[in-house]
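**Q** Here is how the chains run, residue by residue.
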Amino acid sequence: MESKNILLVGVGGQGIVLASEIMSEFFKRQGYDVKKSEVHGMAQRGGIVSSHVRIGEKVYSPMIEKGNADIMLSFEKMEALRWLYYVKKDGVIVSSNVKMVPPIVSTGAFEYPEDVEERVLAERPDAKILDIVSALKELGNDKVTNVIMIGALSTMFDFEPEKWLEVIKEAVPKKVVDVNIKAFNKGRELMGK
Amino acid sequence: MKVLLSGNEAIARGAYEYGCVFASAYPGTPSTEILENVTHYKEIKCQWSPNEKVAVEVAIGASFAGGRALCAMKHVGVNVAADPLMTLTYIGVKGGFILVSADDPGMHSSQNEQDNRNYAKFAKIPVLEPSDSQEAKDFVGKAFEISEKFDTPVILRMTTRTSHGKGLVEVGDRIESKVERGFERDFSKYVALPMNARKRRVVVAEREKKLKEFVEETDLNRIEEGKGNIGFITCGISYQHLKEVLPDAPVLKIGIPYPLPMKKIKDFVSKFDKVFVVEELDPFIEEQIKAEGIKVYGKEFFPEIGEFSPEVVRNGLVKAGVLKEENKVEAEDKAIPRPPVFCPGCPHLGIFYALKKAKAKIVTGDIGCYTLAAIKPFEMMDTCVCMGASIGNAIGMEKVLGSGKGIAAVIGDSTFVHSGLTGLVEAVYNKSNITIVISDNSITAMTGGQPDARSGFTCNHEPTGKMDFEVVARAIGVEHVYVVDPTKMDETYKIVKRELEADHLSLIISQGPCVLYPQKVKREKFYTELENCTACAMCSKIGCQAIYRTTEKTEKGRFKWNIDTTLCTGCGLCIQMCKFDAIRPISRKGE
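So the sequences go chain by chain: A and B. Going by UniProt numbering, the first sequence wraps up at 193, each residue one higher than the last. Going by UniProt numbering, the second sequence wraps up at 591, each residue one higher than the last.
Don't read these hints as lab results, they were simulated from the structure. Beta carbons: idealized from backbone N, C-alpha and C, even for Gly. There may be inaccurate statements among the hints.
Pairwise CB distance ranges (calculated) [to be verified]:
id	chain 1	residue 1	chain 2	residue 2	range
1	B	Val-329	A	Met-1	17 to 27 Å
2	A	Pro-125	B	Glu-216	51 to 61 Å
3	B	Val-318	A	Pro-125	30 to 40 Å
4	B	Ala-374	A	Pro-113	47 to 57 Å
5	A	Ala-122	B	Asp-267	40 to 50 Å
6	B	Met-1	A	Met-1	12 to 22 Å
7	B	Asp-282	A	Lys-128	24 to 34 Å
Given only the sequences and the hints, what does the whole structure look like? Please build it.
**A** What follows is the structure, given as structure tokens:
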């Protein structure tokens, strides 16, 4: 059984924890041992969020070692830059093009650089930057970045999309099931599937 | 059936399966979800207590009445609860008693880092330390058994990664405890008068002896055979990290770090050329082993500070010469920082802006969301020690500085109930002239919105009595009590300024709902008419994260400011800052 370290990063409020819950539940159902961990606490107040999901035959530590992530899904582009060093040299990096400006910028102490995407690509030419901004507009819902990302992840494994959707349907509120199905498919489409 | 559970969910599940009938807690990261998940099991009566000391005291009562009881808190909470705990250790239990201490190595969300295994040695009681969610559940059962068998409270020590990490757990049915309900009067056991306590002190010593025999036999301390002539003694989450790095190493996995199975350890150590103790934080196991004259290695190679991870363990093993150095990855943060900030529309914004504008000389702070006022943009909090310390700290400063003028103590509602009340009594009784501000959002917000005595509902969301701070303060003897709405900036400022300069003790209750809990606040949002914006930047001074600098410039070349309407919660602070009619409610858009 193939083991994988999946790192999810972004900003508090983007649904990272829920996405990692859905992934963990999905891989559990496919027969994997799963461990995941993230740090709660002050993150919901606009801070950085990272979640480690580890799957395999037998998983011990719930934490991924630096430089050892097979896949990184970044929900915000600055966060992709921040966490690059966590990903294996031949690891897969998928980042959203969403820009979330930290309030520290408004005090003038820092600038949010205009060339974040270029910087990510300069270091990791294979990184994929998905146009989540347009996707969210098209879907008419700004809360589904997490399920688009799950859609993107699903293209890296040989499981039927329906199996993923089973778990997603159970995990999201009933009234937004439809938009989440669309978001999942959008994620696949953005990855060229 | 196997399900994915966090360690905290697994403890709640364990409480259910192993016949727990009562649980109490005070919320604190990383322990909070234990009680939140216990509320899902109707077989267990549960409650949020005003503080950890009270939580332990009610759980002790439940145990004395024959019920299995569990009490959960974060590591620093045990400091608050230490008084009843240290005597419960003499008295013992009837129904099993578990104190869950969720420690926070690395201080992800805590003001200090302390290894609460030390409390077990200090109190002379056993401590169990699970290494993942499955063990978290199982150890609840084991802890209840040990508690009842040896007539002792038991500490179940978690850490952030065992509490919040998720893993697969085999779940089962509930088994009711066989302990008979009902309190049996027993003066010599339950009444800790010196004459009784002296006798119980001897009982504690005898119990420790029996426990030392028990830990030699229990499978909670187990040997895993492996390859090589180097052995490892480890416990808790460190076990998982070690197995990650060296899956085939011979390991003595300790489930009970106090008391230790010294015979087993001696025997294990004798089989290897070298034995390393791999444990997070204090050399707790290592020192006990060394005190027995047994040679082991530990903190020479592994840090005493901060959280362990597979790479921390790997680096230690490289240092010790067990592993060869591989391509080490350096953390290289190439992004701009993203520190936590107040939520848009948070009621704390208004009161801290008023304190800043009124030029408070010293603001003593406390534990809660409002501690964020210590960093930019406010920088209006000068101290932060522990729950409830703000009021006491301010009183002490006044004594040395000679006057309480300009000194404010800021405390949240949950923290005020937790341990601010006695500080307020101190202030009245000892004639303090400080200004105390209760920043009252009527919820324990920092830990995720748990109700408290001020909120008007219980952990099961049932309506209940609601503490009235104004009435309480007057009853204690505070003469100058003011209730303000922090979204009304002028009024709030005037009262704050007047009271800071006054020569008497004042209590300002700044009342506004948390924007997240119990429901998300929905008010009419505001937007900026950029044409009118003069780039004065006054709106940015209130520290609202919905307000941002645009790339659009005025004729003088200054950047204009705008409001992110997806973030705005309509508190209206910004509109009060704007003199140029640039900020308006959305309903007036385009006028």
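**Q** Now look at each hint and say whether the structure bears it out.
**A** Against the structure, the hints:
1. Restraint check, Val-329(B) to Met-1(A): a C-beta distance of roughly 26 Å satisfies the suggested window 17 to 27 Å.
2. Remark: the range hint 51 to 61 Å for Pro-125(A) to Glu-216(B) is upheld by a beta-carbon distance near 59 Å.
3. Distance hint check for Val-318(B) and Pro-125(A): the Cβ-Cβ separation is about 31 Å, which falls inside the suggested range of 30 to 40 Å.
4. Restraint check, Ala-374(B) to Pro-113(A): a C-beta distance of roughly 28 Å breaks the suggested window 47 to 57 Å.
5. Our hint of 40 to 50 Å for Ala-122(A) and Asp-267(B) is violated, since their Cβ atoms are close to 57 Å apart.
6. For Met-1(B) and Met-1(A), the hinted distance range of 12 to 22 Å is satisfied, since their beta carbons lie about 21 Å from each other.
7. Look at Asp-282(B) against Lys-128(A): about 45 Å separates their beta carbons, and that is not inside 24 to 34 Å.
Going down the numbered hints, you'll see the structure goes against 4, 5 and 7, while the others check out.
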